[in-house]
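2 protein chains.
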Amino acid sequence: MPKDYAAEILAGSTTAVARLITWLEDEDERAYQCMVQLYRHTGKAYIIGITGSPGAGKSTLTDKLTRHIRKAGLTVGIIAVDPSSPFTGGAILGDRVRMSEHNLDEDVYIRSMATRGFLGGMSKATGDVVKVLDAFGKDVIIIETVGVGQDEVDIIGIADTTCLVLVPGLGDAIQSMKAGIMEIADVFAINKADRAGADQLLAEVTYRVEQDAHIKPTDWTPTVVKTVAVNDEGVDQLWEAVKEHRAHLEENGKLQEKRRERTYRETLRMIHSELFRIVREQLENSGQLDHIVEEILDRKLDPYSIMRQIVSKWLSISPK
Amino acid sequence: MPKDYAAEILAGSTTAVARLITWLEDEDERAYQCMVQLYRHTGKAYIIGITGSPGAGKSTLTDKLTRHIRKAGLTVGIIAVDPSSPFTGGAILGDRVRMSEHNLDEDVYIRSMATRGFLGGMSKATGDVVKVLDAFGKDVIIIETVGVGQDEVDIIGIADTTCLVLVPGLGDAIQSMKAGIMEIADVFAINKADRAGADQLLAEVTYRVEQDAHIKPTDWTPTVVKTVAVNDEGVDQLWEAVKEHRAHLEENGKLQEKRRERTYRETLRMIHSELFRIVREQLENSGQLDHIVEEILDRKLDPYSIMRQIVSKWLSISPK
Numbered sequence: 025m026p027k028d029y030a031a032e033i034l035a036g037s038t039t040a041v042a043r044l045i046t047w048l049e050d051e052d053e054r055a056y057q058c059m060v061q062l063y064r065h066t067g068k069a070y071i072i073g074i075t076g077s078p079g080a081g082k083s084t085l086t087d088k089l090t091r092h093i094r095k096a097g098l099t100v101g102i103i104a105v106d107p108s109s110p111f112t113g114g115a116i117l118g119d120r121v122r123m124s125e126h127n128l129d130e131d132v133y134i135r136s137m138a139t140r141g142f143l144g145g146m147s148k149a150t151g152d153v154v155k156v157l158d159a160f161g162k163d164v165i166i167i168e169t170v171g172v173g174q175d176e177v178d179i180i181g182i183a184d185t186t187c188l189v190l191v192p193g194l195g196d197a198i199q200s201m202k203a204g205i206m207e208i209a210d211v212f213a214i215n216k217a218d219r220a221g222a223d224q225l226l227a228e229v230t231y232r233v234e235q236d237a238h239i240k241p242t243d244w245t246p247t248v249v250k251t252v253a254v255n256d257e258g259v260d261q262l263w264e265a266v267k268e269h270r271a272h273l274e275e276n277g278k279l280q281e282k283r284r285e286r287t288y289r290e291t292l293r294m295i296h297s298e299l300f301r302i303v304r305e306q307l308e309n310s311g312q313l314d315h316i317v318e319e320i321l322d323r324k325l326d327p328y329s330i331m332r333q334i335v336s337k338w339l340s341i342s343p344k
Numbered sequence: 025m026p027k028d029y030a031a032e033i034l035a036g037s038t039t040a041v042a043r044l045i046t047w048l049e050d051e052d053e054r055a056y057q058c059m060v061q062l063y064r065h066t067g068k069a070y071i072i073g074i075t076g077s078p079g080a081g082k083s084t085l086t087d088k089l090t091r092h093i094r095k096a097g098l099t100v101g102i103i104a105v106d107p108s109s110p111f112t113g114g115a116i117l118g119d120r121v122r123m124s125e126h127n128l129d130e131d132v133y134i135r136s137m138a139t140r141g142f143l144g145g146m147s148k149a150t151g152d153v154v155k156v157l158d159a160f161g162k163d164v165i166i167i168e169t170v171g172v173g174q175d176e177v178d179i180i181g182i183a184d185t186t187c188l189v190l191v192p193g194l195g196d197a198i199q200s201m202k203a204g205i206m207e208i209a210d211v212f213a214i215n216k217a218d219r220a221g222a223d224q225l226l227a228e229v230t231y232r233v234e235q236d237a238h239i240k241p242t243d244w245t246p247t248v249v250k251t252v253a254v255n256d257e258g259v260d261q262l263w264e265a266v267k268e269h270r271a272h273l274e275e276n277g278k279l280q281e282k283r284r285e286r287t288y289r290e291t292l293r294m295i296h297s298e299l300f301r302i303v304r305e306q307l308e309n310s311g312q313l314d315h316i317v318e319e320i321l322d323r324k325l326d327p328y329s330i331m332r333q334i335v336s337k338w339l340s341i342s343p344k
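Protein chains in written order, with this note's numbering: chain A, 25 to 344; chain B, 25 to 344.
Hints are supplied without guarantee of correctness; some may be wrong.
When chains are identical, the list treats them as one kind, so a pair holds in a single copy or across two.
Derived pair list, reagent style DSBU-like, types lysine-lysine, alpha-carbon separation capped at 35 Å [to be verified]:
hint	residue 1	residue 2
1	Lys282	Lys324
2	Lys337	Lys250
3	Lys267	Lys324
4	Lys68	Lys250
Please keep in mind that the hints were generated in silico from the structure rather than gathered at the bench.
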C-alpha cells in the first residue's frame with residue numbers, strides 16, 4: 025500500500041513535506057492527489073512577500089523577521105524563490121537553509137525553490153508550496169523573491185502583505201526598476217539604514233508614497249520603516265507594520281477580497297497549465313511538433329495559423 | 025475595404041509597422057491576419073540580443089553598435105523591452121526612441137515595448153515584433169533587455185547572437201545573478217571599461233569563459249571585449265565579435281539548428297498563449313469562474329480537482 029503523504033504532512037512529517045515539494049517542482053503526477061487532499065486544510069496561514077533587488081538583504085531580513093514572529097509564538101514557513109533557476113537549478117539560493125539561524129528550529133520550515141518547466145512554472149509551484157506549508161500548520165509563510173520580471177511579480181501577488189526592501193546606494197537605475205513594483209508594496213523596508221543615503225532614500229520613498237496616496241486614494245498608505253537587518257535593528261517595527269497591515273485587511277473585509285482575487289488568478293493559471301501540459305505532451309510525444317516546426321522553418325506553414333488550428337482541434341469548446 | 029497593413033509593411037510603411045506592433049501589444053485580433061501574411065517574408069534578418077543589469081549601458085551600447093552596423097550598409101531594427109512594464113506600462117524606456125542618435129535615420133527603426141497581459145506575454149510579443157521588423161526588411165534586429173527573470177531569458181533566447189553587458193563595480197550580488205545568464209552569452213562586453221576594476225572583471229570573465237569551455241567543450245568560446253560605449257571605444261570590436269560568431273554559426277549549420285530550436289519553443293509558446301486566451305475568455309465571460317472561485321474559497325471544492333475536471337471536459341482528445 026502506498027504511503028499517504030497528505031496524512032503524514034497533516035501529522036507533522038517534514039520528510040513528507042520535502043518529498044511533496046520535490047514532486048511539485050518536478051511536476052510529478054503523485055503531487056496531484058496529495059494537493060487534492062491537503063487543500064481543505066489551507067487558508068489559515070498569513071502570507072508575507074519579501075521582495076527587492078539582489079543584495080538588498082532579503083534573506084537576512086527574513087531571518088530576523090522570523091525571529092520576531094517566533095517570539096510571538098507563531099510558527100513560520102519560508103519559501104526562497106530563486107529567479108536564476110532556469111539555468112543554475114537554484115544554485116544561488118541552494119545554501120539558503122544552511123544559512124538560516126533557524127535551521128534547527130523545528131517550528132520553522134525553510135525551502136529554496138528552483139523551477140524547471142515552462143512559463144509561469146515558478147509562480148504556480150510557489151502557490152502550491154504555500155498551500156503545502158499552510159496545510160502543514162505554519163502560521164506565517166514568508167515568500168522571499170527578487171522582484172524583477174513578470175513571473176516574480178505573480179509570485180508576490182500570492183502574498184497578503186508585500187514588503188519591498190530597498191537599500192541606499194544601489195543606484196538610481198536599480199531603484200527606478202522598482203518603480204513598477206513600488207505600487208504593490210504595503211510596507212517598505214529601507215534596509216542597511218546605517219549606510220550613507222538612508223535618510224534621503226527614506227524621504228524619497230515617503231514622499232512617493234504620500235504622493236501616490238494623494239493621486240490615487242486608497243485606505244492603506246504604505247508604512248516605511250528603517251532596518252539594519254544584520255543587527256536586528258528596526259525589524260520589530262517591520263513586524264509591527266506587517267501586523268498593522270494585516271489588521272487593516274481583516275477589519276475591512278479586504279483580506280477576503282484579496283484572497284478571492286488570488287484564487288481567481290490561481291485557478292485560471294492552474295487550468296491553463298494543465299491544458300498546456302497535456303497539449304504539449306501530445307504534440308511532443310507524437311513527433312507532431314517536430315514535423316510542424318520543419319514546415320514552419322521552410323515557410324510552408326506559418327506558426328500563427330498552426331497555433332489556431334491546433335487549439336481549435338484540441339478543444340471541444342468553440343472559441344469565438 | 026479595410027487597409028491591408030501587411031502589404032503596406034512590405035511596401036515600407038513605418039506607420040503600418042507602428043500600428044501592427046501596437047495591435048500585438050494589445051493582443052488585438054487584427055494583428056493575427058497580418059502576421060499570417062507576413063510570416064513567409066521572414067527569416068532574413070540577423071538577430072542580436074543585448075542584455076545586462078540596469079545601468080550597464082545597454083542603450084548607449086546598442087546605439088553605438090547601430091552606428092557600426094549602418095556604416096556596413098545594413099539597416100537596423102531595435103526593440104527595447106522594458107521589464108517593468110507589467111506596472112508602469114513601459115515608462116522607463118518610454119523615451120528610448122527620442123534618446124537615440126539614430127532617430128532621424130529612416131533605415132533604423134526603434135521601438136520600446138511595454139507588455140500588458142499574462143505570463144510569457146513579453147517574450148511572445150517580442151518574437152512577434154522581431155518577425156514584423158524582419159518582414160519589414162531590416163537586416164539586423166537588436167533586442168535590448170534586462171536579463172533577469174524567466175520571461176527575459178526567453179526573450180534573449182530569440183537572438184542568434186547574445187551579448188551580455190557587464191560593468192565594473194556593480195557589486196558581487198548583481199554579477200552573480202548573472203551566473204545563470206553567463207551560460208547563454210556568445211559575446212561579453214565589459215562596458216564602462218575606463219572605470220576602476222575593468223581589468224579585473226575582464227580577467228574574471230575570461231577565466232570563467234575558459235573554464236566553462238574546459239568543463240563543457242563547445243565549438244564556440246565566447247569573445248570578451250572591452251568597451252566604453254559612451255565614447256564609441258571598442259564597439260567596432262564588439263561588432264567584429266558578433267560577425268565572427270555569425271560566421272561561425274553559418275559555417276557549421278548551427279544557425280539553422282539554433283533557429284529550429286527557437287521555432288520549436290516559439291510555436292509551443294504561441295500555443296501556450298492561445299490556450300490561455302481561450303481559457304480566460306470561456307471561463308470569464310460565462311461567469312463560471314466567479315462561481316467556482318467562491319466554492320474554492322469556502323473549501324467546498326479544491327482547485328486541483330476542478331482543474332482536471334474542466335480540462336477533461338474541454339479536451340476533445342483524451343490525454344494518454
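The hints, checked one at a time:
1. Taking the shortest Cα distances, Lys282 and Lys324 sit within 35 Å of each other only across copies (19 Å), while inside one copy they are farther apart (48 Å).
2. For the homomeric pair Lys337 and Lys250, neither the shortest alpha-carbon distance inside one copy (57 Å) nor that between copies (52 Å) is at most 35 Å.
3. Taking the shortest alpha-carbon separations for Lys267 and Lys324, only the inter-copy value of 29 Å comes in at or below 35 Å, while the best intra-copy value is 60 Å.
4. Taking the shortest alpha-carbon separations for Lys68 and Lys250, only the intra-copy value of 29 Å comes in at or below 35 Å, while the best inter-copy value is 54 Å.
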